[in-house]
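Take the sequences, apply the hints, and build the full model.
Mapping of the sequence shown onto the UniProt record's numbering: residues 1 to 610, in sequence order.
Some clues are possibly wrong.
[Claimed, not checked] With a straight-line Cα cutoff of 30 Å, these simulated DSSO-like cross-link-like pairs (lysine-lysine) come out:
| hint | residue 1 | residue 2 |
| --- | --- | --- |
| 1 | 321 | 307 |
| 2 | 483 | 590 |
| 3 | 483 | 473 |
| 4 | 321 | 590 |
| 5 | 483 | 569 |
| 6 | 289 | 473 |
| 7 | 592 | 205 |
| 8 | 473 | 569 |
| 9 | 473 | 205 |
| 10 | 590 | 474 |
| 11 | 569 | 474 |
| 12 | 592 | 289 |
| 13 | 483 | 592 |
| 14 | 473 | 590 |
| 15 | 569 | 592 |
| 16 | 321 | 289 |
| 17 | 592 | 473 |
| 18 | 590 | 569 |
It should be emphasised that the hints constitute simulated quantities derived from the structure, not laboratory data.
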Amino acid sequence: MTTQQSVAARVEGQTIARFLRRNATEFGDLPALTSLDEPDSPTLSWAQVRDHVAAVARGLADLGLRAGQRLIIMSPSRVEHIVTDLAAANLGAVPCTAYSTLSSDQIRYVADHSSAPIAVLAGADELARWQPVLDDLPSLRHVVVFDTDAVPDGDERFLPYTELRDRGAALHAESPHTFEQLTDDIEPDDPLSMIYTSGTTGVPKGVVLSHRNAIHEAIAVDSLHGASPHLSNISYLPLAHIAERELSIYLPVVRAGHVHTLSDPAGIVAALNRVRPESFFGVPRVWEKLVTGLRTMLAGVPEDRRKALLAASELLQEGYKLRSAGKEVPPELADRIAETDRTVLAPIRELLGLDRLAFASSGAAALPVDVLYFLAGLGVEIQEVWGLSETTGAATSNHAGAFRAGSVGRPIADVEVTTADDGELLVRGPIVCLGYLREDGSIEEATDADGWFATGDIGSIDEDGFVTITDRKKEIIITAGGKNIAPSRIEGLLKEHPLIGAAAAIGDDRPYVTALLVLDDEMAPAWAAARGIEADDLATLARHPAVRAEIDRAVESANERLARVEQVKRYHVLTQAWTPESGELTPTLKLKRRVITSRYRSDIDALYAV
Numbered sequence: 001m002t003t004q005q006s007v008a009a010r011v012e013g014q015t016i017a018r019f020l021r022r023n024a025t026e027f028g029d030l031p032a033l034t035s036l037d038e039p040d041s042p043t044l045s046w047a048q049v050r051d052h053v054a055a056v057a058r059g060l061a062d063l064g065l066r067a068g069q070r071l072i073i074m075s076p077s078r079v080e081h082i083v084t085d086l087a088a089a090n091l092g093a094v095p096c097t098a099y100s101t102l103s104s105d106q107i108r109y110v111a112d113h114s115s116a117p118i119a120v121l122a123g124a125d126e127l128a129r130w131q132p133v134l135d136d137l138p139s140l141r142h143v144v145v146f147d148t149d150a151v152p153d154g155d156e157r158f159l160p161y162t163e164l165r166d167r168g169a170a171l172h173a174e175s176p177h178t179f180e181q182l183t184d185d186i187e188p189d190d191p192l193s194m195i196y197t198s199g200t201t202g203v204p205k206g207v208v209l210s211h212r213n214a215i216h217e218a219i220a221v222d223s224l225h226g227a228s229p230h231l232s233n234i235s236y237l238p239l240a241h242i243a244e245r246e247l248s249i250y251l252p253v254v255r256a257g258h259v260h261t262l263s264d265p266a267g268i269v270a271a272l273n274r275v276r277p278e279s280f281f282g283v284p285r286v287w288e289k290l291v292t293g294l295r296t297m298l299a300g301v302p303e304d305r306r307k308a309l310l311a312a313s314e315l316l317q318e319g320y321k322l323r324s325a326g327k328e329v330p331p332e333l334a335d336r337i338a339e340t341d342r343t344v345l346a347p348i349r350e351l352l353g354l355d356r357l358a359f360a361s362s363g364a365a366a367l368p369v370d371v372l373y374f375l376a377g378l379g380v381e382i383q384e385v386w387g388l389s390e391t392t393g394a395a396t397s398n399h400a401g402a403f404r405a406g407s408v409g410r411p412i413a414d415v416e417v418t419t420a421d422d423g424e425l426l427v428r429g430p431i432v433c434l435g436y437l438r439e440d441g442s443i444e445e446a447t448d449a450d451g452w453f454a455t456g457d458i459g460s461i462d463e464d465g466f467v468t469i470t471d472r473k474k475e476i477i478i479t480a481g482g483k484n485i486a487p488s489r490i491e492g493l494l495k496e497h498p499l500i501g502a503a504a505a506i507g508d509d510r511p512y513v514t515a516l517l518v519l520d521d522e523m524a525p526a527w528a529a530a531r532g533i534e535a536d537d538l539a540t541l542a543r544h545p546a547v548r549a550e551i552d553r554a555v556e557s558a559n560e561r562l563a564r565v566e567q568v569k570r571y572h573v574l575t576q577a578w579t580p581e582s583g584e585l586t587p588t589l590k591l592k593r594r595v596i597t598s599r600y601r602s603d604i605d606a607l608y609a610v
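What follows is the structure in structure tokens.
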């Protein structure tokens, strides 16, 4: 049986509800959910998780939630979040996680568009974002709050999560068959979840995914990697992100895995050391910060020890680059790599909590190749994947048996990828979403008549089937001279320098390329302190002559690897960080180019002043 046949056979007829029932009966005693925020709270087994899901589902149904209706959740990754998400899905309702960074206006849009009758919020911070618009949402009837002490007094719309769960548990105890009937009625092609796109270039769209979409994605990606049957992972990114939903909700349900939830991503380094996960996903910024920290640590190691580590790293990188090129590693070199890894690098991975990793992946944006090589030199091979919300996550993936550094891998099982005449990548297959939610509740198809979904990404496919992404179609710069330039390549080269935390290449309808740069809010102060510069705020550092001289060198280094038309002729260093809260970045840390070009119009114009 081929991989495609195996995946298709495992997917057919399945729903997330049926997998959850299987877990409770076949793997009921295995660990399922652990909160890293509450060390004293007990780990829930799969049998307990299904009991909680049934209780919350009956509680939500008692509030009036019905199959097909949307449920909005605004919360960081928490055990209650995953339970509530699965509860809605087991009712046949459609959970939709909203980013906790949404403004009140964005909340109003999402709530209106989804017509959700119930919102589930984590606590006081989320409630503060919703309060200004609650009276403007005619469809919203109830607000459930995880943190009991955040529930406002005297407002019947609000209900503590514990009360909802306890009420539902009593109903489930009276008639358990009711919940079983609800789950039996769900079909593979029914809606499972909805994800709002990040809205980098316009109004967010509500992407509707089916049970078949999520299960096929989980099994196809899982089949590429040799993780244990019940893998462990850490859920720390927003569950509004398709990769985090797939890896922290749907794949663990399919695999009866063990999810450790962490509400604050800032604690991920300590969490890795504690959990030692078998699966770990990070957006490029997460991996970049890890590498920055490791480089800083190496700088403080005695010279003889540092030289030994660098020599070991170079040896592993040599083997990695050979395999990346599709070549065999000579036996003698393979033996040297194995011995060096065992004696020098394995202890470092164990110290970092990365020693059990079977699948480390990155997506959402390009991972700089220097970061990829650095980590490979530690024995941590990051497999880049590519996809969108509309493709339920990864449409392509590298894996240990077949990868190309700088590519995003080959299509996963049963998925086709091709290019349109203009280079836009098209995807077809069982992971492509049901479509986009219309305001009237119907679903607009996202594909053409032949089933192809236009991704909006420009890329290429080599003779071995590996896909390489150039840039977003809507973000390609067209200069005044008519040259087409991919800004992400320029930005990636600039960000290779540890001082530069963010970069935006500018040049649309302009005579040459310029850039807005933002200092890294962690590395820049550390870099300055190591050189005796007494300044730790970005505004002061951005104007410091030594920093400017180093940025000059960083830009020159990037330009050496760019074609003349792509080279950055002038740049401006901004004095404040870019964050999702400040508005220049999406919640997944992508640039909001419209916001940036509008907000910094005067700075940009100055770069082109004669």
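Structure-based check of all given hints:
Among the hinted pairs, residue 321 with residue 307 is consistent with the structure: their alpha-carbon atoms are about 21 Å apart, no more than 30 Å. Note on residue 483 and residue 590: the hinted pairing holds, with a Cα-Cα distance of about 24 Å set against a maximum of 30 Å. Taking the CA atoms of residue 483 and residue 473, the gap is about 14 Å. The hint holds against a cut of 30 Å. At roughly 29 Å between alpha-carbon atoms, residue 321 and residue 590 fall within 30 Å of each other, so this suggested pair holds.
For the suggested pair residue 483 and residue 569, the alpha carbons sit about 15 Å apart, so the restraint of at most 30 Å is met. The straight-line distance between the Cα atoms of residue 289 and residue 473 is roughly 28 Å, inside the 30 Å bound, and the hint therefore holds. About 16 Å separates the Cα atoms of residue 592 and residue 205, which keeps this hinted pair within 30 Å; it holds. Between residue 473 and residue 569, the direct Cα distance comes to roughly 24 Å. Compliance with the 30 Å bound is thereby established for this hinted pair.
With a C-alpha separation of about 18 Å, the suggested pairing of residue 473 with residue 205 holds against the 30 Å cut-off. Between residue 590 and residue 474, the direct Cα distance comes to roughly 14 Å. Compliance with the 30 Å bound is thereby established for this hinted pair. Proximity of residue 569 to residue 474 is assessed by CA-CA distance (about 23 Å); at most 30 Å being required, the pair is judged to hold. Only pairs whose Cα atoms come within 30 Å are accepted, and residue 592 paired with residue 289 is accepted, the gap being roughly 21 Å.
Between residue 483 and residue 592, the direct Cα distance comes to roughly 22 Å. Compliance with the 30 Å bound is thereby established for this hinted pair. A distance of roughly 15 Å separates the Cα atoms of residue 473 and residue 590; the hinted pair therefore holds under the 30 Å criterion. The straight-line distance between the Cα atoms of residue 569 and residue 592 is roughly 22 Å, inside the 30 Å bound, and the hint therefore holds. With a C-alpha separation of about 23 Å, the suggested pair residue 321 and residue 289 falls inside the 30 Å cut-off, and the hint holds.
Proximity of residue 592 to residue 473 is assessed by CA-CA distance (about 14 Å); at most 30 Å being required, the pair is judged to hold. Of the pairs offered as hints, the one joining residue 590 and residue 569 holds, with about 24 Å between alpha carbons and a cut-off of 30 Å not exceeded.
In this structure, none of the earlier numbered hints is contradicted; all agree with it.
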